[in-house]
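Dock chain B against chain A, hints included.
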Amino acid sequence: MNPDLDLSIERVIRAPRKAVWDAWTDPASLAQWWIPVPTLCRVDRLEVRPGGAFVTRMSEDGVTFVPHVDACFLVVDELERIVFTNTVDGGWRPANPDPVAMTAEITLHDHPDGTSYRIVVRHGDPAARKRHAELGFAEGWGTVADQLTRFAANPR
Amino acid sequence: MAQYLAGLDGVFLALADPTRRAVIHRLGHGPASVGILARDATMTLPSFMKHVRMLESNGLIRTTKSGRVRTCELNRERLAVVEDWLAEQRRLWEERTDRLDQFVTNSEERNTT
Chain A
47 MNPDLDLSIE RVIRAPRKAV WDAWTDPASL AQWWIPVPTL CRVDRLEVRP
97 GGAFVTRMSE DGVTFVPHVD ACFLVVDELE RIVFTNTVDG GWRPANPDPV
147 AMTAEITLHD HPDGTSYRIV VRHGDPAARK RHAELGFAEG WGTVADQLTR
197 FAANPR
Chain B
9 MAQYLAGLDG VFLALADPTR RAVIHRLGHG PASVGILARD ATMTLPSFMK
59 HVRMLESNGL IRTTKSGRVR TCELNRERLA VVEDWLAEQR RLWEERTDRL
109 DQFVTNSEER NTT
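Protein sequence lines, in the order shown, are assigned to chains A and B.
Quick note: the first sequence uses this note's numbering, first residue 47, plus one each step.
Quick note: the second sequence uses this note's numbering, first residue 9, plus one each step.
Isolated chain A (complex conformation) (with noise of 0.2 Å):
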């Protein structure tokens, strides 16, 4: 984990480890809850296994589909972990993702009161740092923050 660039998160779900396993490998269940509402999520591909396409859309109106997730699974151990990052779509080629590059892990346990939930997604560089340097704030966004504090407070 590089805390700059990771985030984990872990959490005790109140059902059984098949339960979750299922929400999550079921396209009609992950459907459900993949995506906030009132915004539609449809699941065009989710081949749960090595190499597996996952690839999902998105719609405000029903109608029109965007693109979502277009992503390719690396590991899958049944009913314990699912890797799958978006650097490769669900055709292998290469991609760019937008915002940020990332492989996700999501690791099931027994946990007395249901499952042991964690999610451990690792981040490249996002092109937000590249555009950061570019725009010359060496010292970050901060600099910009003090810079219009001390125009608010010396006006001209």
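Some hints could be false.
Stated by the list, open to error - The calculated label-pair distances, taken between Cβ atoms and stated as ranges, are:
id : chain 1 : residue 1 : chain 2 : residue 2 : range
1  : B       : 73        : A       : 98        : 53 to 63 Å
2  : A       : 73        : B       : 76        : 34 to 44 Å
3  : B       : 106       : A       : 111       : 52 to 62 Å
To be verified - Negatives, chain A to chain B, calculated, CB over 10 Å:
id : residue
4  : 93
5  : 95
6  : 135
7  : 137
8  : 138
9  : 144
10 : 148
11 : 155
Keep in mind that the hints were calculated from the coordinates and are not lab data.
Since the model is a prediction, treat every value here as computed from it, not as a measurement.
Quick reminder that beta carbons are idealized off the backbone N, C-alpha and C, glycines included.
Quick look at chain B alone, frame taken from chain A:
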């Protein structure tokens, strides 16, 4: 999230152009009139105005008109969207986990009743 993504796309799109980045950079030092900003750009005023409008419609800058002078000002909150990308990704995954949790526990209740 869709709204957020669309918004973020707009911000990145707005920042993807050197003229617009130069405007943001200049406004980092304080508000400036369109006239002053346009002087630094090597293009006609109507072309330059398109860039200003794009920055404004994506919320990166605010403009106010006083008489014949239109003044541009940086919207720092909007820029924070780009800065806080990791916090946004975390929020996205937290909310996604909330929905999964709710979906699974609701299904369990339906199955046991």
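Status of the hints after comparison with the structure:
The supplied range of 53 to 63 Å is met by residue 73 of chain B and residue 98 of chain A, whose beta-carbon atoms lie about 55 Å from each other. Remark: the range hint 34 to 44 Å for residue 73 of chain A to residue 76 of chain B is contradicted by a beta-carbon distance near 59 Å. Between residue 106 of chain B and residue 111 of chain A the C-beta distance comes to about 24 Å, which lies outside the given range of 52 to 62 Å. The Cβ of residue 93 of chain A lies farther than 10 Å from every Cβ of chain B, with a closest approach of about 20 Å, so its non-interface assignment holds.
The claim that residue 95 of chain A is not at the interface with chain B holds, since no C-beta of that chain comes within 10 Å of its own (minimum 21 Å). Consistency note on residue 135 of chain A: stated as away from chain B, and its beta-carbon is indeed over 10 Å from all of that chain's, at 17 Å minimum. Annotated as non-interface, residue 137 of chain A keeps its C-beta farther than 10 Å from every C-beta of chain B; the closest such distance is 22 Å. At roughly 24 Å from the closest C-beta of chain B, the C-beta of residue 138 of chain A stays outside 10 Å, upholding its exclusion from the interface.
A Cβ of chain B approaches the Cβ of residue 144 of chain A within 10 Å, the least distance being about 7 Å, so the stated non-interface status is violated. Not every CB of chain B is more than 10 Å from the CB of residue 148 of chain A (nearest about 8 Å), against its label as outside the interface. Against chain B, the non-interface label of residue 155 of chain A holds: every CB pair exceeds 10 Å, the least being about 15 Å.
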